[in-house]
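Visitor: Take a look at the letters that make up each chain.
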Amino acid sequence: DIVMTQSPDSLPVSLGERATINCKSSQSVLYSSNNKNYLAWYQQRPGQPPRLLIYWASTRESGVPDRFSGSGSGTDFTLTIGSLQAEDVAVYYCQQYYATPYTFGQGTELEIK
Amino acid sequence: QVHLQQSGPGLVKPSQTLSLTCAISGDSVSSNSVWNWIRQSPSRGLEWLGRTYYRSKWYNDYAVSLKSRITINPDTSKNQFSLQLNSVTPEDTAVYYCARESASGWAEYWGQGTLVTVSS
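If you read the sequences in order, they're chains P and G.
Residues 1 to 113, numbered by this note's numbering, are exactly what the first sequence covers, in order.
Residues 1 to 120, numbered by this note's numbering, are exactly what the second sequence covers, in order.
FYI, nobody ran anything at the bench for these hints, they're computed from the structure.
Treat the hints with caution; some may be incorrect.
Stated by the list, open to error - Straight-line distance between alpha carbons at most 30 Å, and here's what the computed DSBU-like set of lysine-lysine pairs gives: (1) G:K13 <-> G:K67; (2) G:K13 <-> G:K78; (3) P:K113 <-> P:K36; (4) P:K36 <-> G:K57; (5) G:K57 <-> G:K78; (6) P:K24 <-> G:K67.
All chains should be modelled from the sequences, with the hints used to inform the complete structure.
Guide: Following this line, the structure appears as structure tokens:
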């Protein structure tokens with residue numbers, strides 16, 4: 001199985017500041033035939049299911065604010081929130097869909113400093 | 001717009017069978033979509049359990065760790081799919097989600113989640 005490891009586990013950030021969450025996979029999730037990274041990011045607020053934010057490592061889902069951006073390739077990825085808003089307080093997860101079993105990172109809890 | 005509505009009991013006794021259903025609106029269980037079950041617990045985090053999909057015939061993929069205990073079945077007459085997990089233990093206590101997988105693999109639509117507690 002591909003192991004996904006996120007850092008940090010918890011991230012306090014001031015409103016209006018940038019937040020950066022990292023995700024590392026135990027093997028590359030870059031598919032050479034189409035040059036796409038099989039990596040998604042989700043946001044989960046308390047009591048709700050995860051919400052898709054980003055797929056193909058850097059493509060924003062429709063309706064996701066442009067302060068959310070994804071980057072990286074191969075085994076190292078980053079989710080950046082450009083200017084933290086109060087509604088961004090949540091747990092963020094990365095997920096690889098390169099191969100089943102699909103696996104998720106352990107989550108990063110984003111909080112207001 | 002796709003909507004997934006989950007139903008099923010929130011309490012299951014140890015050694016019994018956990019059964020959940022996910023009713024689909026806005027899509028067909030027999031379409032090109034892929035239908036997943038995922039669970040979440042404090043100890044295991046988000047854990048992919050398995051999926052079902054139709055490509056001229058029905059296919060299933062299951063997590064190896066659960067393969068002897070899990071069944072995911074489509075129900076075309078009711079446009080839904082189900083999860084059965086046999087011989088449950090307290091370690092199977094979790095919030096269970098159904099989800100539609102995109103053509104490429106990310107989970108784009110999720111059910112509301114069902115907390116299932118395994119306890120006598």
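Visitor: All hints are to be evaluated individually against the structure, with a verdict given for each.
Guide: Going through the hints against the structure:
no.	hint	in the structure
1	G:K13 <-> G:K67	holds (20 Å)
2	G:K13 <-> G:K78	holds (27 Å)
3	P:K113 <-> P:K36	violated (35 Å)
4	P:K36 <-> G:K57	holds (28 Å)
5	G:K57 <-> G:K78	holds (18 Å)
6	P:K24 <-> G:K67	holds (27 Å)
The earlier numbered hint that this structure contradicts is number 3, and it is the only one.
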